[in-house]
Structure formats: C-alpha cells, structure tokens
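Trainee: Based on the sequences and whatever the hints tell you, model everything.
Residue numbers (this note's numbering), protein chains in the order written: chain B, 1 to 223; chain D, 1 to 204.
Honestly, the hints are just simulated from the structure, not real lab data.
Errors might be hidden in some of the hints.
As the list claims (entries may be wrong) - Pairwise CB distance ranges (calculated): (1) B:8 x D:7: 21 to 27 Å; (2) B:190 x D:193: 56 to 62 Å; (3) D:201 x B:24: 32 to 38 Å; (4) B:28 x D:110: 37 to 43 Å; (5) D:110 x B:132: 54 to 60 Å.
What the hints assert, rightly or not - Beyond 10 Å from chain B on every Cβ pair, some chain D residues (computed): (6) 102; (7) 124; (8) 132; (9) 181.
Said to hold, decoys possible - Capping the alpha-carbon separation at 25 Å, the derived lysine to any residue pairs in SDA-like fashion look like this: (10) B:206 x B:127; (11) B:206 x B:188; (12) D:197 x D:116; (13) D:197 x D:111; (14) B:48 x D:96; (15) B:88 x D:116; (16) B:202 x D:38; (17) B:48 x D:89.
We put the beta carbon where it would ideally sit given N, CA and C, even for glycine.
Each chain, written out:
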Amino acid sequence: MDHKTGEDAPPSTDLEGWRRAVGNGCFRAFRMESVVAAIQDLGPTTDKTAMNPLVLHVSDTITRMLRGMIGRNHRNQGEDMIARAHAKLVTAMFNPQSADGKGLRVAFGFRVAKRAADAIRAEEKIEKRELEADAQDDAKGEPATVEINPWQEVNERIDVERVLAHVTDDQKRLAFRLHMERVPVESAKKGSIVKALGVSRKTAEKWIEEVRALLATKLGGKT
Amino acid sequence: MTDQNRIDELDEVLFAFHRACANPSADEIIAWTGRYPQFAEDIRAHAAILKDWAARRNLPADEPDEIMLARARSRALDALYNAEVARRSDASASPRSFEQMMQTRGTDLPELARELDIARSVLADLTSGGMRAPVGKRLVDSLMHALAITEDAFQSALQAALRSPRLGHAKADEAPSIVSRSYEEVIQDSSMLPERKRYWLGEN
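Mentor: Put into structure tokens, the structure is as follows:
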C-alpha cells in the first residue's frame, strides 16, 4: 500500500522545489504522502501552476485506487460510491487537521483503502436490506445444493470472485474465505472461524454452506 | 464517551487495523476484536473487505474511464477553490500568528525550543515582537520545517508580531517600553553555549 518514490521530494514548504518538480514532471515519482504534505503546507493560495498539477495527480491516484477496490457489483456500477468517497477525501485533504487530512499525509494508500471499505460497508448494509425485502416477496427459488469442492472443482478464481462479490453479507464472505484458508470452524487450541466471527458453530457452518451452495449453483456448469 | 468521540476512536482503530493487516488471519481478527470488543462488528466487516481485496490482488485491476477521471478532477479543483476562498477570507481577517502556527502543529514554545535546540528566550523574543527583521536564515528554515509553513507565512507572522509587540511588566517609575533587538543581538544575549550561538549565526 506504500507509494513508491523514484527520488526524494523537496521539503513540503519549498515552493521553488515543487515548481521545478512540476515543471519537469518528476513529481509523479514522489511518494503520495509527500505530494499531500506539499499541497497542505504550500496552501491553497499558492502558485496555481505548481498547485493544480499536484491536486489533479492526487485526484487521479485516488480515483484509480477506488475503482480498483470498489467493484462493479454495486448499484450504478459502484460509481456513486466512488464519487462520494473521492469527494470526502479531496475535501479533507485541504483540512490538515481532519482525520483524512492527517491520514493521507502519513499513509496515503491505507487512508484511501479505509474510506473505500467504509463506502463498501455502508452500501452493503443498504443492499442487504433491499435483498431481505425482496426475499420476503419471493421466498421461493432456493438454490439447489450441489456438493462441490471449492479447492478442486472451482479453479477459476475470477469466476469465484465474481460470485462472492454478490454475497452482500460480509460476515458470510469472511467465514467462507477463512474456510477456504482451512481455518477450522471450531478449535480449542488455535484460531477458529467461530472465535474470529464471534458466532456459534451452527451459524458459522450455515454461512459456509450457503456460500458453497451459491458457488455450486452459479459455477456448477463450468466445473 | 460522546458519539463524536466514539466515531473518532472507531476511525482511528479501523485505520490502524488496515495498516496492520492487509489480509487479516483468523488469529489477527481474534486479537483485534479482543482488544477492541466495542468495535468487534466493525473490525470483522473491514476484515471481510480486506480479505476480498487480498483475494483479488493478482487479478486484472479495474480501471476508471476518462469520464470518471474528468468528473473527479473537477471535484478536486472545486475543493481547491473552496479551500482558497476560505483561506483568503481567514487571511484578510488577520494573518496567522506564531502562536496559532504552533497550536496547529500541536506544539508550544518550550517544546519547539527543545526540538530546535535553541534558547527559549530567542523564540520568545521572535513571537512577542522583540526581534527585528531580518531573522537569520537558519532559524527561518528550521521554523518553516518545524511548523510546516511557507516563508511568506513566516514573514507575515513576523510582521504581525512586530506590529503588536507584547509589553514587559512596567517598572514603578518608568513607562513600559518596547525594546526590539536584531537577530544577532538576541542570539548573543541568550544563555546558549558559544557553540550553539555560532551555529544559529551561521549561514548554512
């Protein structure tokens, strides 16, 4: 998640240094934390020929990261979520005292990721409520349970990920992913799915089975 | 704990969790939910999302199209414009003082003096309008770095301090007076060791 640098950035308050870096384009190789520090310390009233390219560079980087992290499985392909998270981050960048303003300066990638996760979580809550409402209208059509072995039979990861992206309950996905990593459902001696999720064995097994059944239904024909 | 405090603490905990666990294991989830039981549900939700990303890490990344990038750039320039308007309206009210700059960085005069290894009296003279311009380059550079300010901001704060110097206590038989001294005089009259005085009077 660290953003690499090809060379050292000028001190964040060195306007001349940043003018040069923008002039020769080398600012694109600097750590994003250094670019945010310069934007904050030079301040919004500084020379626009230096400031605007830095701001646009940060904007593009945040947008690319958010698009990579927020899937198209959400409403409107996740574009509204990306727009909201991006707006929150770029606005906060100009407020060095805000949590995002500080976070972008010390750990840029992690801060963007944290906001992306916040956006996904908020959206999943809405999607889950909508699904539950739909399910009440149409309680039939339970997916057929087909016995599959995820490790042997589902070998197309990209297909698996596409199906898992539609499991809106993050706890079910987490249970299934830990199951895929061969974490025991319950164990007195080591970390288990029951302990990690804080649920009963019965619930954990039910969740894992639900996701297995969904994968079998969606990918059964391909495997 | 107020709601806002709880939100702030949750934000800090989750940010730290993201930094510590790129692909959280069962043991890590157990450790973090054990340490912050009040945020267990949020930690598990973020763990699920982190594991989704970890699973997709080596798959082809989705790229934004030009329209999405252009809209985002427009939002970013709007945010810059709004920040500029706000800053100019703050600046026209009054330039930021050295005290405000220290407060913004979460420091104060004694702490800053320790950080720079300079006599407290030097900074006290500077911030109270007792030091005439020009200020030595080494001190200006050090303060720009420590307070994360530009040279323009430093000069504005210096001029503001000189315009409104703080008076010392008046003696019974004398009117209070403002005695400003040059940078060299302030350094020489301080209690610093000769070696530190030479350093602060040096050029590079």
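Trainee: Please go over all the hints and tell whether each is borne out by the structure.
Mentor: Here is what the structure says about each hint:
1. B:8 x D:7: 21 to 27 Å: violated, 37 Å
2. B:190 x D:193: 56 to 62 Å: holds, 59 Å
3. D:201 x B:24: 32 to 38 Å: Taking Cβ atoms as reference, residue 201 (chain D) and residue 24 (chain B) lie about 36 Å apart, which means the hint holds.
4. B:28 x D:110: 37 to 43 Å: For residue 110 (chain D) against residue 28 (chain B), whose Cβ atoms are near 41 Å apart, the range 37 to 43 Å holds.
5. D:110 x B:132: 54 to 60 Å: Holds, at about 59 Å.
6. 102: Holds: least Cβ distance 14 Å, greater than 10 Å.
7. 124: holds, 23 Å
8. 132: holds, 23 Å
9. 181: Correct as stated: the minimum Cβ-Cβ distance to chain B is 27 Å, above 10 Å.
10. B:206 x B:127: Judged against 25 Å, a Cα distance of about 21 Å means the pair holds.
11. B:206 x B:188: Holds - the C-alpha atoms of residue 188 (chain B) and residue 206 (chain B) are around 20 Å apart, at most 25 Å.
12. D:197 x D:116: holds, 13 Å
13. D:197 x D:111: holds, 19 Å
14. B:48 x D:96: holds, 21 Å
15. B:88 x D:116: Distance ~36 Å between residue 88 (chain B) and residue 116 (chain D) Cα, so the pair is violated.
16. B:202 x D:38: holds, 24 Å
17. B:48 x D:89: Distance of about 18 Å is within 25 Å: holds.
When each numbered hint is compared with the structure, violations occur for hints 1, 15.
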